[in-house]
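Q: Residues per chain, in single letters:
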Amino acid sequence: MDWADLIGRVASGGDREAFKRLFEHFAPRIKGLMLKAGCNAEEAEEIAQSTMIAVWRKAHQFDPATAGAAAWIFTIARNLRIDLFRRRMRADRLETGLELPDAPDQAEPADILISRGQDAARIASAIQQLSAEQSLVVRLSFIEERPHPEIARALGIPLGTVKSRIRLAMNRLRDILDEEA
Amino acid sequence: MTISHHPPEDLLADFAAGKLEEAHQLVVGVHVAGCPRCTRFVQAIEQLAGAALEDVAPVPIATDAFDRVMSRIHEAPKEAVAPALASDTDDDVPPALRKYRIGKRRRVAPGLSLRPIELSGQGQARAFLLRSAPGSRMLEHTHTGTELTLVLEGSFSHEGGHFGPGDFDYGDDEVEHRPIVGNEGPCLCLVAMTGDLRMNGFLGRLIGPFVRL
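Which chain is which? The protein sequence lines are A and B, in order.
Quick note: the first sequence uses this note's numbering, first residue -6, plus one each step.
Quick note: the second sequence uses this note's numbering, first residue 21, plus one each step.
Honestly, the hints are just simulated from the structure, not real lab data.
Where is the CB? At the ideal position from N, CA and C, for every residue including glycine.
Relax, there's no trap hidden among the hints.
Heads up, simulated EDC-like pairs for lysine to aspartate or glutamate below, C-alpha to C-alpha not over 20 Å straight-line:
#	chain 1	residue 1	chain 2	residue 2
1	B	Lys124	B	Glu138
2	B	Lys39	A	Glu138
3	B	Lys39	A	Glu36
4	B	Lys39	A	Glu143
5	B	Lys39	A	Glu137
6	B	Lys39	A	Glu39
7	A	Lys156	A	Asp168
8	B	Lys119	A	Asp76
9	A	Lys51	B	Glu95
10	B	Lys39	A	Asp76
11	A	Lys156	B	Glu29
12	A	Lys29	A	Glu138
13	A	Lys29	B	Asp75
14	B	Lys39	B	Asp192
15	A	Lys29	A	Glu126
16	A	Lys13	B	Glu95
17	A	Lys13	B	Glu74
18	A	Lys13	B	Asp87
19	A	Lys51	A	Glu10
20	A	Lys29	A	Glu137
21	A	Lys29	B	Glu74
22	A	Lys13	A	Glu39
23	A	Lys13	A	Asp(-5)
24	A	Lys13	B	Asp84
25	A	Lys156	A	Glu138
26	A	Lys156	A	Glu126
27	A	Lys156	B	Asp30
What the simulated footprint calls covered on chain A by chain B, stretch by stretch (three residues with Cβ under 8 Å from a Cβ of chain B suffice, anywhere in the stretch; the number is not a length):
#	stretch
28	15 to 23
29	42 to 56
30	116 to 127
31	135 to 149
32	156 to 165
Turn these sequences into a full structure, and let the hints guide you.
A: In structure tokens, the structure reads:
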């Protein structure tokens, strides 16, 4: 399925059928990823729904030449999760009766300001050069946010190996990206 | 602008995954926004995250979720309340920070002033803009936590090298340093800090309480 094409149809004509296919594919996966990353079921559901609303509203901003559709949708879900946790933190503080300064509501995280570069192909090739075990350990550690001891148990390797493998994967990714400059 | 000091890779990966606390997310984000090299690294992690999203086992969502999403889409979007922003004439404030409320400038020592950045209250780290006069020698200090520093204007040097605009400096409790500000002009830095600064020496103990935010 060409997700980029469906996003383009949402952008140009508000195509409800195209959106529904995106929704049916991505909403349950966003929920799954958020649960793996430590959200509770209610939060994961809320982030999945809000992400899809943002996909509809921001479809015109999606540039198929730079970001993959799934990566783009991930960044939306990530930013919504950051916002949700900040709002919750603020609400918790209000409930406990603490005086709050006027909060910078909806302050857009600086990361949204990052402009997408022209080097999508280079990034894709760098990722392909990572070994499967390097990709896996990066995914478990940073994206699913599993603690290192849990990764060690899941992969059946010593804790020290988890740490060094993550470090090697990070350095290798940086090296490959730099080489191709 | 040649950037020669970058955040460590694991910090960039945590940034890409949205795992950092707010102050750190802010400082790393402003660096990344101005650094094509780190932008590529962050995008690579986002691509890995996209692949993870494609591979993850789907979890059933609420049966009425699609209808609720469609009706929320067709509601008029809520008027966003504009936060009180730093004014455009405020030349201390880089564009990336215009969405934040920034407190009044406080003098903390001769030639050293800071402006706190108001965050939502998540996390342990505070963020502030630190301005120091050209040629000033910062007091020798150590940290009880971590200090993330991004140079916005001017420069400083310490044992770890020379840091100019766009450069990122990561200090933790193992680092004991005494930065010297360059002579070309004031040095403006965006700083995220956990724990306290521990000033060494008599003058440090004197101003220490003021530096504690």
